[in-house]
Each structure stands twice: as C-alpha cells, then as structure tokens.
Amino acid sequence: MNTRPDPRQHDQTDPQPSPGAGLPRIELRWDESAVSRLAIHAQADGQPCPVLASLASAAAQMLDAPCAAVTLVDRDSVRILAAHGVDIDRLDRPQSFCGECASTAKPLIVEDAASDPRFRSSPLVAEAGVGHYIGVPLIGSCATAIGTLCVFGPGKRSADPQSTGRLSTLAAAAVRAIEQKRLLIEHDAQRDLCLGVLDASMDGICTLSELTSACGRITDFRITMMNARAEQLLSATADRTVGRRLAGVFPRVRENGLLDRLATVAESGEPQRFELLDESPHRAAWFEVSAVRIPGGVAVTFAGIDDRKQAEAQLKINKDRFLMVSAATEDMVWDYDARSGRLWWSENFSLCLGHSVDEIEEHLDWWAEKLHPDDREATVASFDAALHSDHTNWSAHYRIRRADGSYATVLDRASIMRDHRGEPIRAVGAIIDLSARLQAGRDIEFQRTILEAQAEATQDAVLVTDASHRAVRANHRFHDIVGAAFQPGASYAAIRACYENSVNAEQVNIRVRAAIDDPWLTIKEEIEFRDGRAVELHSEPLRQNDGTFLGRVWFVRDLTRQRQSSQILRAHNLVLEASGIVLFRWRPEPGWPVALVSRNVEQFGYTPDDLLSGDILFTHLVHHEDLPRVTEEVERYIAEGRESFEQEYRIVCRDGSSRWIYDKTVVDRAPDGTLVSLHGVILDITERRRVERELAASEAMLKELTSQIPGAVYQYRHRPDGTAEIPYISEGVCAICGVTPQ
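Numbering (this note's numbering), first residue to last: 5 to 746.
The hints are simulated quantities; they were obtained by calculation from the structure and are not laboratory data. Source: prediction; values computed, not measured. All C-beta atoms in this analysis are idealised placements derived from N, C-alpha and C, irrespective of residue type, glycine included. Do not take every clue at face value.
The calculated label-pair distances, taken between Cβ atoms and stated as ranges, are [stated by the list, open to error]:
#1 358 / 699: 38 to 48 Å
#2 584 / 236: 26 to 36 Å
#3 317 / 643: 34 to 44 Å
#4 547 / 492: 21 to 31 Å
#5 677 / 492: 13 to 23 Å
#6 220 / 550: 38 to 48 Å
Work out the full structure, taking the sequences as your base and the hints as a guide.
Structure (structure tokens):
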C-alpha cells in the first residue's frame with residue numbers, strides 16, 4: 005500500500021494533555037474502524053449523499069458506462085455509498101474489484117474479467133455478469149485508500165490511460181464530500197457526549213458571552229447555556245434565562261461582585277475560584293464558583309456549599325468551647341491515640357500528682373505501672389475491653405500513685421471515637437481526683453469533662469499574626485506540617501512558608517495578599533506540593549467586640565487527617581454536654597450580658613436562648629442577698645489584675661427556687677490590658693452546702709452535750725496508715741488533765 009507520513013503523527017507522542025482530553029477527536033485520521041463506522045452510519049441514514057450520487061452519475065456519463073459507484077472498503081467488505089445503474093449496498097471484499105483497487109492504492113483497469121485469473125471466479129463475474137471494470141482509489145487525508153470511484157458493466161471493454169485520469173478528478177471531489185460527512189458525524193458525536201456530560205454533572209454549569217460597551221469594556225454577559233443542575237441550584241429554567249442578560253435575570257450579581265469577577269476572568273484570561281454568598285429576600289445560599297475564559301466569554305461551574313459552611317460555623321463554636329474549658333478546668337485530661345499507642349497528658353497531671361514533666365512517658369504501660377497493685381489488672385483489662393468492643397464510653401474508679409509515693413483515688417471517664425468499621429481511633433478522657441472529697445466526707449461526686457485537649461494537642465498547624473501581620477505565636481505542629489522553623493516577629497515570611505514551593509503558590513499568594521489587605525476577609529485555599537502533600541490554608545481575622553482588628557489566625561491542616569480531627573471535636577462536644585458543668589462567657593458591661601452559654605444551663609430551668617437574647621442578664625440570676633457581695637468581689641478582683649478567681653453564691657432558678665453554685669472565672673484581656681470578656685464555669689454545690697451545715701450543727705450539738713456530761717469525754721481515731729489522732733476533747737479533759745485542746 006502506498007502511504008505517506010501523517011504530518012500530525014507527533015500528536016500521538018506529545019506527553020502534555022490537550023484540552024478536551026477524553027472527548028471524540030474531530031479529525032480525519034482514517035483507519036479500518038473509522039471506514040466501517042462511516043459506512044454503517046451512511047447506510048443507516050437511508051438516503052445517499054446527493055453529492056456522491058451526482059459524482060457516480062457523472063462518472064458513468066463521462067466514460068459511457070452503464071454502472072458506476074462510490075464505495076468505502078474496510079477489512080471485510082465493500083460498502084456502496086452511492087451508485088448509478090445498480091441497486092446494491094454491500095459486497096464481500098475477497099475477489100472484489102474495489103477491494104483490489106483499494107489494496108494497491110492504484111487505479112485498476114480490467115478489460116476482460118472473465119479471462120482475468122484474479123476475478124474470473126468472483127460472484128460478480130460468474131453470477132452478476134460483470135465483464136469489465138475501471139476504478140481509481142479514494143485517497144483520504146492520511147494518504148490511505150479508503151474506497152473507490154469506479155465504472156463497470158457487462159462484456160469486454162478497452163480502456164485508455166485517460167479514463168483513470170478523468171475518474172481521479174471526480175475521485176478527489178468524492179474524497180472531500182466523504183471527509184466532510186465524517187467531520188459532521190464526529191462533531192455530532194462530540195456534541196452529544198458533551199451535552200450528556202453536562203446534564204449528568206453534579207455541579208451547575210453555565211456559559212456566558214460577553215457584552216461590551218462602545219469603548220470595549222465588558223458591561224454584562226449573555227447567558228448562552230445552562231445545564232440541568234444549574235437550573236436546580238439557581239431555581240431558574242433554561243427556556244427563561246438562555247439568551248437573556250445575566251444582570252437582568254440575576255440583578256444581585258452587581259452587588260455581590262460576581263459580575264466584576266467574571267469580567268476580570270474574561271479580560272485577563274486568569275481562571276478564578278471563590279466562594280460567593282447569594283442573598284435574596286427568600287433565601288441565602290453559599291456557592292463555590294469556578295470561572296475560566298472561553299472564546300467570546302466565560303464558562304462558570306458552581307456547587308452549593310451550605311452544608312460545609314454550617315459545619316465550619318459549628319467547628320468554630322466547638323473551638324471556642326474548648327478554649328474556655330481548657331482555661332477553667334482543673335481535671336487531668338488525657339488523649340490516647342489507639343493507632344499509634346501515644347498517650348498525651350495535660351499539664352494538670354503533673355500539678356495534681358506531682359510527677360515532673362520529664363518523668364511522664366507517653367504510653368499506656370507507664371500509666372498502668374502507676375496504678376495501685378490491687379487495682380491495676382482490673383482497670384487495665386476494663387479499658388482494653390472497652391476499646392475492643394462497640395462501647396463509646398468508659399469509666400473506672402482506681403488509685404494512682406503520686407510522686408511522693410502516696411495514692412490518689414480518682415474517677416476516670418472517657419469517650420471512645422471509632423471509624424466507620426467500628427475500630428477505635430482515639431479515647432479522650434478526664435481524671436478527677438476524689439481523694440480530698442472521700443477523706444473529708446463533705447464533698448459530693450460530680451462530673452467534669454472538656455471539649456478537646458489543649459491547643460498544643462491539635463493536629464493542625466496554628467500561626468497567629470498581629471495587626472501588622474508579624475508572627476507572634478505558632479504551635480509545635482507548625483514545624484511538622486509546614487516544614488519551616490517558626491521565627492517570632494517575622495513579617496509575612498511565616499505565612500509565605502506555608503505555601504512556597506507549592507504547585508499553586510502564585511494563586512494562593514494572591515488570596516493571602518487579599519486577606520492581608522482586607523481585615524474582614526476569610527480565606528480557605530487548598531495547597532498542593534510536588535511531593536504529593538496537600539494541605540488546607542485557612543485564615544480568620546481576630547477582632548474585639550467593637551470590631552477592632554487585632555490580627556489573624558492561620559490554620560494549616562493536613563487534609564488526610566481531616567475526618568479524624570472532626571470526629572475528635574464531635575466526641576468532645578458530646579462529653580461536655582453530658583457533664584454537669586455550665587460554661588458562660590460574660591461581656592464586661594452593666595448587668596453582665598451573656599455572650600455564650602452551654603446547654604447544661606437547662607438544669608436551672610433556663611434555655612440558652614433565654615440568656616443569649618439579652619432579656620435576662622446574668623445579674624438577674626444572682627440572688628438579691630448575694631448580688632452586692634458578688635459585684636464588689638468581681639470589681640475588686642478585676643481591679644487587682646487577677647487572671648482568675650473563685651466565688652460561691654446563690655442563683656435563682658426559673659421556678660423561683662435558689663441553688664448554691666461554685667463559680668470559677670477566667671479574665672480575658674487584650675494585649676494592652678483592656679478587659680475583653682469573662683469566661684467561667686459554674687457547678688451546682690447546693691448538696692455540698694447542706695452537708696456542711698448539717699456537719700456544723702452536729703459538731704455544735706456534740707459540744708453542747710459533752711459539756712453537760714460529768715468527767716472527761718474525748719474522741720480517739722486510728723488512721724489507716726497506723727498513726728492516730730484525737731479530733732475532740734471536752735472541757736472535762738482540760739480540767740482533769742490540765743491540758744488545752746491545742
């Protein structure tokens with residue numbers, strides 16, 4: 005076969021993906037399958053191409069032949085696209101004249117078919133009576149013979165070389181007509197596939213053509229296409245929007261800045277991806293929008309992200325709760341990673357039990373070794389059984405050794421987080437020292453929980469910058485995730501270290517610069533590195549209640565741990581809501597208006613909405629007999645510059661009854677010392693106060709009774725450690741023995 009090199013062959017080895025990869029290629033690169041598809045499509049159409057039919061007739065007239073045909077030849081058959089003087093649509097290729105002509109890619113003249121050894125046994129000769137044949141190959145754009153233009157008829161016939169020359173002129177026209185038909189078929193296939201992909205997409209997709217003013221500025225866009233998902237998300241049908249101006253259908257695109265963003269994409273050619281809040285009188289919806297320039301306009305892809313925005317808002321609330329609990333709790337908090345075996349302790353473990361930070365080891369064996377020998381086996385077995393069951397909670401009473409060798413009796417409670425298969429991921433708990441309560445016999449048992457471990461236990465890298473964008477603080481995870489050492493006071497360098505050398509560094513840098521210029525802007529960008537890592541950079545502004553810009557918090561999250569982190573936060577939140585502790589945040593204003601309160605306030609008959617509405621101030625809850633004292637103490641503690649203080653007073657419940665509470669408050673100040681807010685936890689101690697009163701009354705009664713008894717009365721107590729004490733002696737002992745109570 006005579007072929008010539010295809011000038012487009014280099015496309016096959018080009019390693020760079022081309023636009024539209026995966027779609028049908030609109031090109032005339034012929035092969036056997038392409039010939040077969042075109043032939044089948046032409047026959048399914050039922051009507052021969054008028055151009056090819058006229059070329060067949062012209063060939064018959066030009067060579068004065070009774071029959072003529074335009075054919076396509078594939079591996080097995082010869083398919084008739086158009087014919088003159090014959091009614092047939094398909095022949096077998098073996099021993100066919102057209103098959104031989106296409107195979108050699110040269111003109112074929114058979115003057116006497118009956119005596120030609122190549123064709124005399126062919127059904128065309130033996131049965132159909134074909135006696136002569138003159139044909140030329142149809143050479144496609146890839147220098148491949150795809151068919152023939154031929155004339156034939158009964159009997160012998162002499163032919164001169166000019167016959168094939170005249171047929172070749174007609175054959176060139178036939179090739180152009182066939183390739184044009186092929187191009188239309190491939191174009192229709194690609195269009196149908198694109199329409200199917202668009203309608204199947206879970207994202208809304210629109211195309212817009214730009215409308216410009218006389219001076220060439222883009223003033224609006226005309227909607228040219230929208231898929232079914234776009235109709236659902238925008239609550240607008242295509243028949244009422246396509247062809248209309250964008251600002252005419254959606255007037256708010258000018259107010260929310262979407263029109264300006266799209267104009268920037270169309271003018272600069274730089275694609276943009278951003279989040280957009282669409283507010284209307286009937287609804288407010290968040291969208292994630294991507295826009296790219298296309299010839300004459302812009303293609304826009306968007307998806308609804310309301311669920312993600314709600315999750316982000318809840319995550320921020322959970323973080324606020326965690327910070328409050330971490331500042332106010334005195335429990336020993338621990339966090340066990342079931343997969344790595346790492347056991348983390350809060351600083352209170354060292355403070356409460358006396359073990360130095362250097363002595364504490366981060367594994368279960370170290371903890372188990374500190375348990376009392378009589379409690380060790382049962383406690384460890386209980387915890388192991390809870391981990392390897394379907395339980396989500398665990399609790400145990402046991403004794404644990406202090407640094408001085410004595411033992412503290414503790415209550416340990418934990419929440420267990422599991423993956424979708426039920427396997428344990430983490431266990432987070434809090435240990436309450438019950439020793440003093442049990443020894444005195446006057447304290448009541450209560451629960452303490454926290455929202456999550458301290459900030460240094462987070463799996464995210466955290467960077468804090470001040471109002472001048474200088475780095476002031478970073479946690480230890482900053483170096484682990486970002487890979488750069490934290491340098492206090494560095495201006496912008498610490499932020500840039502989060503994304504430099506990334507694949508999309510230029511795009512992220514634009515968003516970071518926008519956040520630095522706009523103190524109200526929240527950004528969230530995914531960053532990809534060439535080594536396969538992917539992180540999320542999220543920045544939130546820090547502001548005082550009056551709106552003063554204080555700086556920014558930058559979070560860098562390893563996306564592979566995102567699900568694990570969210571599970572931890574949810575579990576901590578459940579633990580907090582199950583406890584008896586009520587969290588408060590007060591604003592330092594008259595009446596102490598409540599800015600945040602946990603749901604546990606319902607134990608006093610109030611709902612969080614009652615207090616957050618502003619109709620009920622915190623001072624309304626304090627008993628009127630205790631309010632002057634409580635107010636004076638708070639003002640004095642704040643004036644003294646205390647970071648925290650404790651109080652006991654009564655509050656009035658919704659039903660009018662009063663309860664005694666223990667209140668521990670942490671003072672939140674700005675860097676310049678300005679009072680920002682008061683964070684606190686309150687705990688119902690009514691039962692403890694009752695026990696204390698009864699004990700005091702009992703002691704007074706005992707003293708009165710023994711004073712009436714002649715002689716000496718005393719109490720002798722033998723301690724469990726072998727020592728003894730005399731808690732009480734009467735006045736008779738003093739008189740008889742000559743001793744004093746001291």
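Here's how the hints hold up against the structure:
In this structure, residue 358 and residue 699 break the distance hint of 38 to 48 Å, their C-beta atoms being roughly 29 Å apart. Under the hint 26 to 36 Å, the C-beta atoms of residue 584 and residue 236, about 47 Å apart, miss the expected range. Restraint check, residue 317 to residue 643: a C-beta distance of roughly 36 Å satisfies the suggested window 34 to 44 Å. A hinted range of 21 to 31 Å holds for the C-beta pair residue 547 and residue 492, which are about 23 Å apart.
For the pair residue 677 and residue 492, the beta carbons lie near 21 Å from each other, so the given range of 13 to 23 Å is met. Between residue 220 and residue 550, the C-beta spacing of about 45 Å keeps the proposed range 38 to 48 Å intact.
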